[in-house]
Structure formats: C-alpha cells, structure tokens
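Starting from the known structure of chain A, fit chain B onto it as the hints suggest.
Chain by chain, the residues:
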Amino acid sequence: GEDVEQSLFLSVREGDSSVINCTYTDSSSTYLYWYKQEPGAGLQLLTYIFSNMDMKQDQRLTVLLNKKDKHLSLRIADTQTGDSAIYFCAERKGSGNTGKLIFGQGTTLQVKP
Amino acid sequence: SAVISQKPSRDICQRGTSLTIQCQVDSQVTMMFWYRQQPGQSLTLIATANQGSEATYESGFVIDKFPISRPNLTFSTLTVSNMSPEDSSIYLCSVARSPQETQYFGPGTRLLVL
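Protein chains in written order, with this note's numbering: chain A, 268 to 380; chain B, 16 to 129.
Chain A extracted, bound-state conformation (with noise of 0.2 angstroms):
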C-alpha cells in the first residue's frame, strides 16, 4: 500500500531531545521530508534526506535514515517550547515523474516546560 506511519503522539520536556520514528513503503523513494504544522498555519518545510544518504544534520536537527528498514527518524536537539507542533514525515514517490508525496498521519510534539 502507499501507507507512510508515524506514532501520533509525543511528549517530552524543555531541553530534552525529541525523537519522531517514521517507516515509509517505497524502497524506490528517492526523497524523503519532515515538515513541520503549528496550529493554524501551513507546512513548513524542515528538512529532506536524499535516499542514497543515511544521515543528515542541520542546527538542531538530525535526520537519520536506514533504507534496508525504511524507517525515518527526525531528532530534535534541545526542545523548545516553540517546537511544539505536528511533524509529518513524507516520502516523494520513486517510480514516474509526478513529484507526488506521501504524507504519515503526523506526530503531535508537546514540550512541556
């Protein structure tokens, strides 16, 4: 199936690491993204990981990817209270040339003070 699966729900404390799991279905995609919801807004891109690396890091953020599980992970460096958002995880789907994405059903982050 196309299904891209997060867990729903993440609670941690100011100044913890945050870690979001993500597994993905396409071992043909070639892009993978974390985007980031706050309410009542749009997405925001985070970050993206080509499939032919195994790990990225940027600031506060480091994504690490194994191809052989499909699994994604996003790690947040010292959690802020301003991290508090949905994250969603999403796979570009490898086969044709339509650049559509995958959504997971999105990670609630809650930083508790």
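Among the clues, some could well be false.
Unchecked claim - Cut-off 20 angstroms, straight-line C-alpha distance, at most; resulting in silico cross-link-like pairs (DMTMM-like, lysine to aspartate or glutamate):
1. Lys-379/A to Glu-281/A
2. Lys-360/A to Glu-116/B
3. Lys-367/A to Glu-116/B
4. Lys-379/A to Asp-345/A
5. Lys-323/A to Glu-116/B
6. Lys-335/A to Asp-270/A
7. Lys-303/A to Asp-283/A
8. Lys-367/A to Glu-73/B
9. Lys-303/A to Asp-325/A
10. Lys-379/A to Asp-350/A
11. Lys-379/A to Asp-283/A
12. Lys-303/A to Asp-79/B
13. Lys-334/A to Asp-321/A
14. Lys-367/A to Glu-69/B
15. Lys-303/A to Glu-281/A
16. Lys-367/A to Asp-293/A
17. Lys-335/A to Asp-293/A
18. Lys-22/B to Asp-41/B
19. Lys-360/A to Asp-41/B
20. Lys-337/A to Glu-281/A
Bear in mind the hints are in silico, worked out from the structure with no lab data behind them.
Below, chain B without anything else, positioned relative to chain A:
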C-alpha cells in the same frame, strides 16, 4: 524556497454552494499541487495543476467536484463545488520548480461547510 499566498485564508459556507480558492506564488514554477487536510488527518493529494492542460486528479477526486485552473506559471485556483459538511477541511496548495525538487506549501485555506 518560494513565497506562496492563498485566498481566502478561511471561510464558512452553506451546503450546496461553491468556493474558489486562489494560490499565488512569487516566481514561476513548473509544478503546482492541491492537497486536502481533513480535521485531525494527514494531507491527501487532490490533483496536480498543469499549465495549459487539464489537471491530473488522484484516485477518489473528480473534475466535476474539484475543478482546477492553471492559467500561468504563478497562479492556480481550486473550486470546491456543491459543498457538503464533509468538505470541511484545510485546502493547501504547494509548488515545486520541477517534479524532482522540494515542494513548498502555502498557508492553507480553512473551510467550514454548514
């Protein structure tokens, strides 16, 4: 990245009516997409808006219900026709310079149908 605006930002509509949502981007892009996000749900692709030709619809979405226009490389509209309460959702447009490039999203249009 690109600066994307959508109008209206939100609306409350009566069932049976239609609403047209506009998406404007600040630079020319090849790809424009329309997504629906039902309450508490993820995003589902409705269609790809093609400049100069008919939109490409995903399974479960039809042109009569969601007509789309794409008159140029910076603008697209999505109409939600003959609305029912089940159409209450956030509608988001996204753009990409090519199918291989990253998609950037607009702020969304929040629609409530009574």
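Hints, verified against the model:
1. Lys-379/A to Glu-281/A: holds, 6 angstroms
2. Lys-360/A to Glu-116/B: holds, 12 angstroms
3. Lys-367/A to Glu-116/B: holds, 11 angstroms
4. Lys-379/A to Asp-345/A: holds, 12 angstroms
5. Lys-323/A to Glu-116/B: holds, 18 angstroms
6. Lys-335/A to Asp-270/A: holds, 17 angstroms
7. Lys-303/A to Asp-283/A: Roughly 19 angstroms separates the two Cα atoms, so the pair holds.
8. Lys-367/A to Glu-73/B: holds, 10 angstroms
9. Lys-303/A to Asp-325/A: holds, 15 angstroms
10. Lys-379/A to Asp-350/A: Satisfied, since the Cα-Cα distance of roughly 10 angstroms is no more than 20 angstroms.
11. Lys-379/A to Asp-283/A: Answer holds: Lys-379/A to Asp-283/A is near 10 angstroms, not above 20 angstroms.
12. Lys-303/A to Asp-79/B: It is violated: about 32 angstroms lies between the C-alpha atoms, which goes past 20 angstroms.
13. Lys-334/A to Asp-321/A: Distance of about 8 angstroms is within 20 angstroms: holds.
14. Lys-367/A to Glu-69/B: holds, 17 angstroms
15. Lys-303/A to Glu-281/A: Within the cut-off at roughly 18 angstroms; holds.
16. Lys-367/A to Asp-293/A: It holds: about 12 angstroms lies between the C-alpha atoms, which stays within 20 angstroms.
17. Lys-335/A to Asp-293/A: Roughly 11 angstroms separates the two Cα atoms, so the pair holds.
18. Lys-22/B to Asp-41/B: At roughly 14 angstroms apart (the allowed maximum being 20 angstroms), Asp-41/B and Lys-22/B satisfy the hint.
19. Lys-360/A to Asp-41/B: violated, 27 angstroms
20. Lys-337/A to Glu-281/A: violated, 30 angstroms
Checked against the numbered hints given earlier, the structure breaks hints 12, 19, 20 and satisfies all the rest.
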